[in-house]
Structures are given as structure tokens and as C-alpha cells.
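Enquirer: Make the complex out of the two chains shown on their own, each in a separate frame, by following the hints.
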Amino acid sequence: MNTFELHILAAQRNLFEGRADSLIVPTTEGMYGIQAKHMNMIAGINPGEITFRPEGESDLHAFVSNGMVIVKDNVVTVLVGAAEYPEEIDINRAERAAEQAREEMVRHRSKRVYAEAQRQLARATSRLKVSKLDR
Amino acid sequence: MATTKEIKNRIKSVRDTQKITNAMYLISSTKVTKAKRELEQTRPYFDMLKEQLVSMIRLADNLKTDYLIASRPDETALEIMDEEGPRGTVGIIVITADKGLCGAYNQNVIKEAGKLIKEGEPHKLFVIGEYGRHYFMAHDDSLDQNFDYSNMDPTMDRAREIGDYVIDEFDEDRVQKLYIVYTAFGNGLTGGAAQSTELLPFAREDYVLDGEDRKKMSEGTEYLPDVVTVFNSIVPSYIKGFIYSAMVESFCSEQSARMTAMDAANDNAEDLLTSLNLEYNHVRQGAITREITEISAGSRAQKKAKALKKVRQK
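Protein chains in written order, with this note's numbering: chain G, 1 to 135; chain P, 136 to 449.
One or more of the hints may lead you astray.
To be verified - Calculated cross-link-like contacts (lysine-lysine; reagent style DSBU-like; alpha-carbon spacing at most 35 Å):
#1 G:LYS111 / P:LYS441
#2 G:LYS72 / P:LYS449
#3 G:LYS37 / G:LYS129
Unchecked claim - To give an idea of the interface, some chain G residues facing chain P are shown, with a C-beta separation under 7 Å as derived from the structure:
#4 GLN12
#5 ILE42
#6 ASP59
#7 ARG112
#8 ALA117
#9 LEU121
What the hints contain is simulated information worked out from the structure, not anything from laboratory work.
Just so you know, these numbers come straight off a predicted model, no measurement behind them.
For glycine and all other residues, C-beta sits at the position ideal for the given N, C-alpha and C.
In isolation and in its complexed conformation, chain P is listed as follows (with noise of 0.2 Å):
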């Protein structure tokens, strides 16, 4: 059985792994109030930007740009093209977290990502985060090594960067097509899903409305100076708005998983303190019982020394 002194430092070192996890359940809590505030102030902007666009798509017949395709392929359609020859190359951005402690976030995220990854298509990884950096350094070969950012702390000028950055990449027919990985913060008590969305090209299919409500949307708009200029300048916008989004979405994911973690750690610390605390009473306990005994084992044997003496002295 272990000593006194053994569990003792054992307990130590238990109550200061909790004051590490509790410290850091407490600084994700106001890390989520932050980034959340932050993505409230944005949401007019983001809200009204997507209405236009979405109309746009509506409303022009006429639009043509490389940011619109008339319909999305189906399946089908892709396995005929697949046999003609690879269809593109992919490009997706998976945001991740930099460091790990935080449940099962990261491999949800590097899991959804694979499933987007076909095997034999050409595709380029945007990677966010260290975690998602290191792991798809070792399992692939297709990471964008200049694409270097963290996720710590989500901004707007972040964003724009990102999104300039896969933008052009866009632009410049390095990649034809564009998802984003990341997990959505949701009502905030389920946690997080890791999840992916088509950034570019938009499908015209996705906006068809019918005869009546488009007849009364499309009354009288001008555009200055075309529709199509005017929809291609609000395109960058509107994706580094998702981009700035999904950031703060995968960073309240990223904040909560941790908080539950360090919760689960916690309360884990919490019982084993308590049986480390029993056994180190038993143990004390014992000892005390054991000195007791041998002292009035020693002392009966005393008295009964003392006695015989006596005895033999009478």
C-alpha cells in the first residue's frame, strides 16, 4: 500500500491538472461571448448582402459570369464526365483548431473534410488551424503551403484575406470549384456538426423561383453600370462574409467542445480526489491504529514484565 506521502503528492498533483482545466473551461466561456458578439454585429450586413445576390441570380436571365453555372451536374451526369476526364480540380477550406483538448472537434471536422476527397481528383486543401495543417501535412499531398492562418481569433481582416486569397485562386482557374468545411455552432447546446458547403460556383438551379412571385420581384431595377458587374463586385464580399462566419461558427464549436472537455475533466479530477482522499484517510487512519497497538502491545507487555518481576520477587 502506498504511504502517506505518496498520495499526498498524488492529490497535489491532481488539484493542479483542475486548476489548469477549470482555468480553461472559464476562458473558453467568454472567448464564445466575444467571438459571438462580434458575428451578431455582422448579421445585417451579411443578411442583406445575400438578399441581393440571391435576387440577382433570380432576376437576370442574361447573367453570365464564371461565379454562375446554370445547374449543378448530377450524380449521374458526373460519372459519364468522370470517364471523359477528371472534372476539375477541388478546392476546399477546412477550418480546424490549433490545439487539441477539445473532445472530438478536430476529427469531425478532418473526417467531413474526406469525405469531399475523392480518390484520384485532383484537389488543393485550404487548411486553417495547426491541427488540420499537421495532420493533412502527414495523410496528403495536396495542402496549400502558403495557406497559413491560425483560427485563434476570428476577424473580419482575417477573413478578407482568406477569402482574397482562395478568391483568386478561383479567379485564376486553380481551382473550379470551392467547399468550405466547418462546424456549425447551431443553437449552441447540442454542440457543434462538422459540415460542408459548396462556396463557388452558385448553381442558377438553386434559385428558381416561379411565374408569380418573379414577376413581382422583378419590377423595374436598374443597375448601374450592368447586373453583371455589379453581381461580380458583391461576390467577394458575400463569400468572405461565409468565410468570416463559418470562422467564428468552428471557433464557438471549437470554444463549447472545449468547455465540455475541460467539464468532463473536471468532474473526473473531482472523483478521483475524492477516492485519493478516502484512501489517504484509510491510510493515515492505519498508521495511527498500528502505532496505537504497538504502543499499548508494548505497554501490556510492560505491565506484565513488571508484574512477573514482582512475583518473582515475593
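Just chain G, with the same shape it has in the complex (with noise of 0.2 Å):
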């Protein structure tokens, strides 16, 4: 099967680095696939759940937060400003995360506090739902 290079580059660490069979990824148009030999293309990405196959492996699951995904030559690099595991999710910060959000979206406080918020909620709510995931 033709493999592609794969990074997946988070604001503080490196959460992949190799050789990939197949990514999925959560663009802003909805989750989009990429497998080697790819166009090239530059994408947006919400919050959400990533999968990868690393090569000869099974699929890989972690979440990322809002970033991008560049794929050039058949190097394909996720810059995003977080990314994580499912277990090494903490639950319980994300649940309060999502409980801290909701509050604030009904106060009205100011646009920029809603927006926050919203976003906040956003990442909460995906790193629960990648959290349930099975690495």
C-alpha cells in the first residue's frame, strides 16, 4: 500500500511523526480523507476527532483543537493548536470546561465572551466525545 509522511505538529509537543496509510481529518467543510499521492491542498480545522493508520498499523484516534492541514509532495502536516490521545484526555477538566461554557453563553455578557465561550465548548464537548474512543 503507498504510505505518505505524516506530522502532526501541536502548539507544545509532537504528537505524530512517520509514515501513514490514511488520515482523516476534521476540516472546516466537514471530515475530509486524505490517503498518499494526495493534491496538493491546504485546509482549515475545527475541533475535533483525527484518525490516522499508522504504516502496517491499526487506526489511531486523538483529538485536535482549531489549526490547519497542509498537504505538499506527499508530506502531509497537521498544525493545530492542541492534540491529544483519548487517554491522556482529562475528563473531568473537559466537563467542567463544557459546564464553564454553557453558563457563560447564557449570561450575554459581551460578544467576545460568547464567542470564547462557544469555542470553548467546542473543544470540550469534542475531546469527550474522542475521549470514549478506544486508541
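Expert: Written out as C-alpha cells, the structure reads:
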């Protein structure tokens, strides 16, 4: 099977580096699958679940926050603010964050607080979703 | 001349102070190591981000967003615009320390920020760190009071909050330009130099490429959904990354300035101790000599008196 080079870079760590068979990323336009020899492309990423299959292994899942995916000459780079494997996700913290965000959103303080709460909620809920997946 | 007891007390107090400065020195040096290590971990991500941003600005001629202007007005143009009216509020992020005891670190940053503030021009200050807050609260009325962050422990989360705050100010058109004043760490030997950088908007003229390179780079990349959306979505990440690295660099500079200051304080304390010890020994020896003289003079006097008595008895 054809493989491609995959880098998953988060702000504070490198989640994955190596060759992979396939990759599914939550782009701003919806879930998007990438395989070897994909055309050159750049797309934005929304918080959500990323699935990739390292060469000769089974699928791995992880949570990613906002960022972008870059495909260039069979090298795929995922640049995101944060990336975590399911077992690394702090479920309590995510639940608290979601709760806080919901509270914030009904209080209508300012546009900025609302937007920030919205983003926080999106991150928290996708973290919770991913944490329930097996690696 | 001071008594031995006074000098002893003085020596003790200098020793105690030296213990404190020495501890501060050690704490600063471990903090620098930690902050630097964390910054290293984020480097690959931000280098890549910057690269993408630059190539997007270069390639997409039709890129039109609030974050990008075609060219920066030159100085002469500025004057003309000034006559027509103010050219918008300048937002300035200033990174200072929370406390002093670090040489001229804070003063340098404040001076650099002062260069950006022009007379009669509207500006808004976002100050990180207590020292700067206190200074600008007393000297400048355009400090944003709601913006209250410290640079005690620079983390990505903190930088994200700050980034969200200032980008929102820009998006809502409350500031039309955004600068950041921080202290670059450099190679860590010469100590940091305060400097300012323009964060927003980006000026296309800074990134112009010549024909050949352009052709090579522009070969078929597809943007999903389109280049403007992608560009706008990565600008905030880039700004936050820049703020984070500026915070870490400032933090490292602060700590290394403090290390230098504390090292000098240690040396001074050492010198002071040497001279105090010398003085103490002088005084002590003086006292001993005086006592011996008194005793021997006394005994001699007694001897003389005895001898005189004997003579008289005869």
C-alpha cells in the first residue's frame, strides 16, 4: 500500500511523526480523508477527532483543536493548537470546561466572551467524544 | 569608632542579605532553563505556521482581509495623513516584569514603548506585568484597565487568552494597529535588548517575491474552502504564537537580568564583608592591645609602688 509522510504538530508537542496509510481530519468543510499522493492542498481544521493509520498498524484516534492541514508533495502536516490521545484527555477538566462554557453562554456578557465560550464548548465536547474512543 | 558588637551585627545583616540574593540568583537560573525548554518544544509548530502564512501572502494576490494591507504608508505619507486627522488608534502590548531587582530591564522596555507613543495620537496600552502597570497607571491615561496579566509563568494558555483579547480589539476596530514591545533574549550572553514589532496588520510589501521564485512556489495548491478563510483562521494562531514567544523571551531576559543584578549584589556583599571583617579584627585587636597595655601598665605601676615602699622601709 502507498504511504505518505505524516507530521502532527501541536503547539507544545509533536503528537506523531512517521509514515501513514491514511488520515481523516475534521476540516472546516467536514470530515476529509487523505491518502498517499493526494494533491497539494491547505485546509482549516475545526476542533474534533482525527483518525490516522500508521504504516502497517491499525487506526489511531486523537483529539485536535483549531488549526490547519497542509498537503505538499506527499508530505502531510497537521498544525493544531492542541492534540491529545484519548487516554491523555482529562475528562473531569473537559466536563468542567463544557459546564463553564454553557453557563457563560447564557449570561450574554459580551460578544467576545460569548465567542470564546462557544469555542471552549466546541473543544470540550469534542474532547469528551474522543476520550470515549479506544486508541 | 564602632564597637565590636555593632560591627558583628552589621556583618550578620550583610550575610543574611547575601543569602537572599544568592537564593534569588539560583531560582532565576532554574526558571530560565525551564522556560527555554518549553519554548523549544513549540518552535517546530510556529516555524511551520509562519512559513505557511508567508507563502500565502506571497502567492494569493486576490487575498483581501482586514489583517493584510497592501503597503505600509511611509513617513512622508504619514505626515499628510496626520494633517487630515488621526490615523487610528495604536494598540501596544508591553511586557514588563512583576517586580524590580533586575537592573534596567523594566526601564528599557518602558523607554521602548515610549518611542511608539506619539504626542496627541490615540493609543491603547495592554500592559503585562505589575511594574509596567503601575508605571503607566501613573504616567499615561490610556492603559486598558481590564487587561490584567502577569508574566510570572509564561504558558501557551496565558498567551492564548492574551491573543484572543487583543485580536478581538483589532476585529472590533477599537485599535487599527497592533504593536508588541518585548525584550529579545538573543544568544543569552549579551542580555536582552528591548524592541518593538508590528503584529497587525501584515503589510504585503514586506513579503514580495521576484518572478522566478514566485513561479516555483505557486505550483498548484488548493485551498479549502478558500484562501481567505484559511488565512484568517491561521492569523490568530500566529499572533498567539508570537505573543507566547515574546513572553518567554521577555521572561528569560528578566530572569537573566535578575541573575546579573543578583550576582553583582553577591559580589558587593562579599567586598563589604571583607572590609567589615578587617574593621572588626582591627577593633578587636585594638581592644585587646589596650587591655594588655592597661594590665601591664597597672602591674608595672604596682611593681614600682612596691619597690618604692621597700626603699622607704629601709
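Enquirer: If a hint holds in the structure, say so; if it doesn't, say that too.
Expert: Hints, verified against the model:
For a cut-off of 35 Å, the pair hint linking LYS111 (chain G) to LYS441 (chain P) is broken: about 106 Å separates their Cα positions. With a C-alpha separation of about 126 Å, the suggested pair LYS72 (chain G) and LYS449 (chain P) falls outside the 35 Å cut-off, and the hint is violated. Between LYS37 (chain G) and LYS129 (chain G) the alpha-carbon distance is near 30 Å, which keeps this suggested pair within the 35 Å criterion. Here the hint on GLN12 (chain G) is kept, as its CB sits about 5 Å from the closest CB of chain P, short of 7 Å.
Proximity of ILE42 (chain G) to chain P holds as hinted, the smallest CB-CB distance being about 5 Å (cut-off 7 Å). The criterion of a C-beta within 7 Å of any C-beta in chain P is not met by ASP59 (chain G), whose closest approach is roughly 23 Å, and the hint is violated. Restraint check, ARG112 (chain G) versus chain P: the minimum CB separation of about 4 Å is within 7 Å; hint holds. At its closest, the beta carbon of ALA117 (chain G) sits 11 Å from a beta carbon of chain P; the interface hint therefore is violated under the 7 Å criterion.
Interface restraint check: LEU121 (chain G) against chain P, minimum CB-CB distance 15 Å, threshold 7 Å, status violated.
Consistency note: the structure conflicts with the earlier hints numbered 1, 2, 6, 8, 9.
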